[in-house]
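Peer 1: Chains as they are written, first to last, in the working numbering: chain L, 1 to 199; chain R, 1 to 276.
Honestly, I wouldn't trust all of these hints.
Chain L stretches covered by chain R per the calculated footprint, using a threshold of three residues with CB under 8 Å from any CB of chain R [said to hold, decoys possible]:
no.	segment
1	61 to 74
2	142 to 148
Quick list of simulated restraints, FRET-style, between CB atoms [as the list claims (entries may be wrong)]:
no.	chain 1	residue 1	chain 2	residue 2	range
3	R	Cys149	L	Ser9	19 to 27 Å
4	R	Ser210	L	Lys130	49 to 57 Å
5	L	Thr64	R	Ala124	20 to 28 Å
6	L	Thr64	R	Ser23	33 to 41 Å
7	R	Ser133	L	Asp67	48 to 56 Å
8	L	Lys154	R	Val261	17 to 25 Å
9	R	Lys146	L	Asp67	32 to 40 Å
10	R	Tyr162	L	Lys154	31 to 39 Å
11	R	Ala124	L	Glu21	47 to 55 Å
12	L	Ser9	R	Ala124	35 to 43 Å
13	L	Lys154	R	Glu143	28 to 36 Å
14	L	Lys130	R	Tyr162	19 to 27 Å
Calculated from the structure, these hints are not laboratory results.
C-beta atoms are modelled at their ideal positions from N, C-alpha and C, and glycine is treated no differently.
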Amino acid sequence: MVKKTDIESQITILLLKEDKEAITLLYKNYSAAIYGIISRIIQDKEIANEVLQDTFVKIWKNSTKFDITKGKLFTWMAQIARNSAIDTIRSGKYQRSTKTDSLPEYVYNSENLSESINVSDSGLKTQINKMDLKYREVIDLIYFQGYSQSETAKKLDLPLGTIKTRIRKAIIELRKSLGNEVFTLFVLISLAIITAFVA
Amino acid sequence: MDIKKYIESGILEQYVLGTLQSSEVNEIHILLGEHPVLRAEVMSIEIALEQYAQAHSVAPPPGLEQLILQKIEAESPTPQPSSNPNNYQQNVGNTAQSSGMMGKILLLLISIGLIGALFGYFNANEKLKNLESDHAELQNEHEILKTDCEEAKANFNETEQYFAFIQDVNTKPIIMNGTDNAKNALSAVYWNPIKKKSYLKTYAMPEVPSDKQYQLWAIVDGKPVDMGVFDVALDANDLIEIPYIKDAQAFAVTLEKRGGVESPTMEAMYVIGENS
């Protein structure tokens, strides 16, 4: 986890310097998570592959626009990926099998998501699987399938206010499951600093 | 501005999820600059979602990285790392080397101490927030249960009163049987001259159109006295308290226009019973 924080600042610096090494590192560390988001919005593999490439090219082109004071690197990249995927769907380049013109109609399926959890950290995996389905489905629809809040409300047949409450609840649950790792994070950062000083 | 309320509104989660309008996003950017607490909160939400995304990783097919690098190469033909990427670290190294060994160690200890305190703070803060949110939820649930309980108690008291009234030896049922209009109709007035109270209970009354209502009459000295209108569907399970009439010789129910009439429509009488 800390290794990640370290890599994150390294990549950020490389990006700001427009050093292509940044893309190699980004790809190594984040392509699977980014592809996870894209492939849930776009089911067609060929098109998902194209969107992944577009996403990285966009990241590269906009690298100097990344503003660390406004958020983390991953949030920024995930946003670019999600927007690219949704734009692709809306552009009509990608003919969906369904008639509606808003968003994919394939039904949210929690089992599909659970199956594809391939994280090495079994603790986190257990925590995620323990999460109340009603919170997970909201996060999954918005974060992984690119639904807007009102589309989510319509899809789940719930009032918009409930969706907003559930978003917050879901993330609080997620944060609880990460809370235990904070101490580890501290120890590892301290180690990183010691290493930096010794080196 | 109430930071706590702002955080609890959930807008920061929506910000990280990217579901906000650009005007709201601009507002948040300004606030993030002003309130470090909000930045810490956003950071924590971002970490949570990043972990969530990492947990749902899907490995892209091999070969894509090469294609991406080629595309990027095509985008910017002249390689241009503006300066040596190691400069940053070298600078850090130089600063450290310029101070003495003791200074270095002191700095190191202070850094670790500070980071520790910071994490301790965020960790405790996080736990407090969770507790607060759990507490609010429980309080809410408690309120709901309390209301339910009070409602049930009131219902029970009412039922108990009805039961006591019906059981009273001085309570006399006046059964009202159906007329030719509805042979199977059945209602009753429970009449208690000691307590000077009476209740109406319907057992079987035909359904009526919504513009009509049943009206109860007491017959006193051969003349009908209005006792009020009622809806069967709504009150079917309850006793309906009616005015106590001392000298009622009989009770009858007619079907009238909604709201009732001044004198009964005799052809529309549904049940009648004598007070013998």
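Peer 1: Determine for every hint whether it applies to the structure shown.
Peer 2: Evaluated hints:
1. 61 to 74: Since three or more residues must qualify, the claim that chain R covers the segment 61 to 74 of chain L holds, with 6 doing so at under 8 Å.
2. 142 to 148: As far as the segment 142 to 148 of chain L goes, the hint holds, because 4 residues have Cβ atoms under 8 Å from chain R.
3. R:Cys149 - L:Ser9: 19 to 27 Å: 56 Å, violated
4. R:Ser210 - L:Lys130: 49 to 57 Å: 51 Å, holds
5. L:Thr64 - R:Ala124: 20 to 28 Å: 38 Å, violated
6. L:Thr64 - R:Ser23: 33 to 41 Å: Violated, since L:Thr64 and R:Ser23 (Cβ atoms, about 25 Å apart) do not stay within the stated range.
7. R:Ser133 - L:Asp67: 48 to 56 Å: 30 Å, violated
8. L:Lys154 - R:Val261: 17 to 25 Å: For R:Val261 against L:Lys154, whose Cβ atoms are near 50 Å apart, the range 17 to 25 Å is violated.
9. R:Lys146 - L:Asp67: 32 to 40 Å: 49 Å, violated
10. R:Tyr162 - L:Lys154: 31 to 39 Å: Violated: the Cβ-Cβ distance is about 47 Å, outside 31 to 39 Å.
11. R:Ala124 - L:Glu21: 47 to 55 Å: 39 Å, violated
12. L:Ser9 - R:Ala124: 35 to 43 Å: 26 Å, violated
13. L:Lys154 - R:Glu143: 28 to 36 Å: Because 30 Å falls inside the window, the suggested range holds.
14. L:Lys130 - R:Tyr162: 19 to 27 Å: 49 Å, violated
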